[in-house]
Amino acid sequence: MPGVVLSARDLSKRFGAIEAVRGVSFEISEGETYGLLGPNGAGKTTTISMVCGLLARDGGEVTLDGAPIDPGAVAAKAGIGYVPQELAIYPDLTGRENLAFFGRLYGLGGAQLKSRVGEVLELIGLTERGNDRTDRYSGGMQRRLNIGIGLLHQPRLLLLDEPTVGVDPQSRNAILESIAALGRQGMAILYTTHYMEEAERLCDRIGIIDGGQIRAEGTQKELVALIGQRDEVRLSVSGNAVAAAHAAGKVPGVVSAAARGDELEILVDNASRALPRLLDTVETSGAHVRSVELIQPDLEAVFLHLTGRALRDAE
Amino acid sequence: MRIAILVAIKDLRQRLRDRSAILVSVVAPLGLAFIFSQVLGGATDFHATYVVADMDGGELATVLRRDVIGSLEEAGVVTVIDAPTEAAARDAVEQGKAGAAFLIPVGFTAAIQAGQPTSVDVVGARNAGLATEIARSLAQRFSDGVVGIQLAVATVADLRGTATTPSDIARIAAAAAAAPAAVALVDREADLRQLSLPSHFAASMAVLFLFFSAQIGMVSLFEERRQGTLARILAGPVRPTTVLFGKTLGGFVLAVISMTILVVATTILLKADWGPPVGVAAMVLGAVIAALGITTLVTSFFHTAEAAGAANSAVAITLGILGGTFAPTNQAPEVLAVVSLFTPHGWFMRGLGDMHGAGASVADALPSVGVLLLIGLVTGAVGFARARRLVTPR
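Each protein sequence line maps, in turn, to chains A and B.
For reference, each letter of the first sequence is one residue, going 213 to 527 in our numbering.
For reference, each letter of the second sequence is one residue, going 88 to 481 in our numbering.
Since the hints were made in silico from the structure, they are not lab data.
In this text the structure is predicted, and so the values were computed from the model without any measurement.
Ideal placement from N, C-alpha and C gives every residue a C-beta, glycine not left out.
Some hints here could point you the wrong way.
As the list claims (entries may be wrong) - Residues from chain B shown here face chain A by an in silico Cβ test under 10 Å; the list is partial: (1) R89; (2) Q101; (3) D105; (4) T205; (5) T316; (6) V325.
Unchecked claim - Listing some non-contacts, in silico: residues in chain B with all C-beta distances to chain A over 10 Å: (7) K97; (8) P204; (9) Q314; (10) I320; (11) S400; (12) G446.
What the hints assert, rightly or not - Stretch-level coverage of chain A by chain B, calculated; a stretch enters the list once three of its residues show a Cβ under 8 Å from a Cβ in chain B: (13) 262 to 270; (14) 315 to 329; (15) 374 to 386.
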């Protein structure tokens with residue numbers, strides 16, 4: 213049974229009148245990738261900043277391998293690798309110099325540092341460009357280096373704060389594969405994202421966070437099970453989709469309905485029973501149904517079920 | 088300490104790649120010191136050309152031409168040209184051939200001997216203020232002397248009860264004008280505790296731009312914050328104050344290196360005489376610490392690199408002007424000399440000056456070093472305490 217690496221209990225943080233994080237608790241074990249899935253502003257970055265001691269907590273406790281992590285806990289923080297959401301690299305230094313600087317901050321030196329820099333450059337596919345200044349890198353290369361710096365000292369816990377935002381699909385795929393490999397090697401990973409597909413692909417367990425609170429937590433299977441035997445119906449419409457969603461929400465058997473562009477995402481107890489009346493109601497509301505899709509429940513449906521809003525609409 | 092050194096080395100590496108830092112720290116002060124010393128370097132070597140139109144030709148006119156104006160010619164301060172007419176003298180001034188003209192009218196000697204009023208006209212050239220002022224002073228001095236002698240001779244004659252002939256007056260006046268001054272003013276430059284102009288401008292530009300290079304380390308905190316690297320550093324096993332210390336250390340090393348380059352370069356290129364090396368090193372150290380302290384304090388009041396940079400520049404220029412970096416305070420009104428003592432620039436220039444002159448030694452600069460260190464430590468301590476908010480988790 214792998215031991216608990218990170219324990220966060222009852223974290224809270226307030227910025228003036230805004231309560232950004234309210235009683236967030238979770239644990240991550242050795243080799244486990246834990247995802248915090250939620251829209252922008254849900255409290256993901258605030259949570260991760262409190263975990264690594266960048267933000268002072270108003271309440272709660274964080275431990276790494278049992279040792280408390282506070283802003284003043286210098287030694288304990290050596291076990292954490294932090295990959296911020298925005299690029300955090302020196303543009304006027306080379307990739308190799310960036311890695312070496314941060315490696316030295318974590319106590320690496322000499323042959324060990326040189327070896328690790330080489331390994332990480334290899335891992336992130338930048339061996340050939342290691343001696344180039346990073347302001348001459350493409351966006352994807354900079355993102356990969358941004359992640360590589362967090363891995364350099366082989367931390368017990370890797371914190372990844374939306375590392376694929378703004379990354380092209382090819383680089384994104386490479387990044388996700390690298391992270392999955394790290395998880396298999398036994399690293400504990402906290403991964404925040406608002407991309408449902410990433411959470412589904414990478415994370416062993418997921419905490420769905422919204423409004424500063426974790427609304428549900430578990431494996432993907434456990435989370436989908438929260439919806440029960442419900443079905444998700446996706447209608448493509450023309451006309452006023454918002455009014456149509458509002459009308460659809462009043463149909464008996466409909467649990468929730470939300471408009472996203474020209475699509476209505478509707479969670480129903482029994483699709484075959486509700487569908488005829490649902491279609492009729494939408495048409496009556498003034499919208500015209502162009503296509504109907506019955507889809508397998510996923511994390512998007514879970515978020516809709518838990519919050520009454522589609523994940524992407526909440527951003 | 089290890090991490091502070093790492094941060095400082097990283098900063099220095101970045102600054103060396105940033106040509107603007109080299110421009111501000113070395114090229115600009117060196118260039119300006121060169122320009123100022125070339126443009127103003129000859130300001131103390133005054134020389135003027137005067138033209139004299141003696142339309143009188145009498146005994147006292149000759150005394151004025153030969154003994155009064157001529158004495159300056161003998162000293163090599165002026166060149167005197169004799170003009171045949173007043174018009175020729177005026178033309179010489181108009182054409183810029185002379186800085187001023189003395190016009191001695193017909194009947195000048197006779198008028199003085201008769202106790203009648205007369206005058207010497209001084210015509211000054213455009214843009215020759217100092218030459219004209221000196222010419223006016225000469226004429227005024229001669230006039231004052233003549234009036235004094237007339238009064239003295241008349242008093243003596245009155246006491247004797249005998250009349251004084253014009254020739255007596257002329258003889259006495261000529262003798263008085265030619266007599267050496269009772270009190271001689273001797274300018275012994277070696278005893279003056281001040282820098283030569285090339286040295287002054289080398290030192291003043293160095294200390295002025297020191298305040299620009301010293302701010303670079305602390306202001307780069309904002310850049311680190313903007314690009315996210317500060318958060319990344321602080322997420323690691325690093326104390327926030329260590330980052331501040333590293334930034335200060337980087338600024339200190341950069342400032343010391345740039346000052347050292349400037350001292351050596353101006354000594355070689357401009358023949359600047361900074362003073363004894365040990366004393367200069369102490370002065371540079373004091374100035375660097377003062378600059379770091381003040382820029383840290385100023386920076387601590389702002390939230391962006393742009394605002395902090397602008398404020399530091401304004402403070403540097405203001406202190407530089409008040410501290411006499413653009414013009415020596417010994418040539419400024421007394422109040423400015425007093426105000427300069429409220430600036431590190433003023434103490435830096437004063438300390439360097441104190442090491443010059445007969446009998447001066449390094450010990451003479453120690454009070455200035457002490458004041459600079461005090462300024463740096465006090466402002467630095469307050470600034471450092473305030474700047475902690477820039478790196479402390481909120």
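Here is what the structure says about each hint:
Checking R89 of chain B against chain A by beta carbon gives a least distance of about 8 Å; that is within 10 Å, so the hint holds. The closest approach between the C-beta of Q101 of chain B and any C-beta of chain A is roughly 5 Å, which is under the 10 Å cut-off, so the hint is satisfied. Taken as an interface hint, D105 of chain B checks out: its beta carbon lies about 7 Å from the nearest beta carbon of chain A, inside 10 Å. Here the hint on T205 of chain B is broken, as its CB sits about 78 Å from the closest CB of chain A, past 10 Å.
Satisfaction of the interface hint for T316 of chain B is found here, the shortest Cβ-Cβ separation to chain A being roughly 5 Å, below the 10 Å cut-off. With a cut of 10 Å, the hint placing V325 of chain B at the interface with chain A holds, because the nearest CB-to-CB distance is about 6 Å. Listed as a non-interface residue, K97 of chain B fails to keep its Cβ farther than 10 Å from every Cβ of chain A; the least gap is roughly 5 Å. Interface exclusion of P204 of chain B from chain A stands, the closest Cβ pair being 79 Å apart, more than 10 Å.
Distance check on Q314 of chain B: its Cβ comes as close as 7 Å (rounded) to a Cβ of chain A, failing to clear the 10 Å threshold; non-interface status is violated. With a cut of 10 Å on Cβ distances, I320 of chain B falls inside the contact zone with chain A, its closest approach being about 6 Å. Once the 10 Å rule is applied to beta carbons, S400 of chain B is consistent with being away from chain A; the minimum gap is 22 Å. Annotated as non-interface, G446 of chain B keeps its C-beta farther than 10 Å from every C-beta of chain A; the closest such distance is 51 Å.
Only when three residues or more bring their CB closer than 8 Å to a CB of chain B does the claim for the stretch 262 to 270 of chain A stand; here the count is 5, and the claim holds. For the stretch 315 to 329 of chain A, the stated coverage by chain B is satisfied: 4 residues place a CB nearer than 8 Å to a CB of that chain, which reaches the threshold of 3. Under the rule that three or more residues need a Cβ within less than 8 Å of chain B, the assignment of the stretch 374 to 386 of chain A is violated, with 0 such residues.
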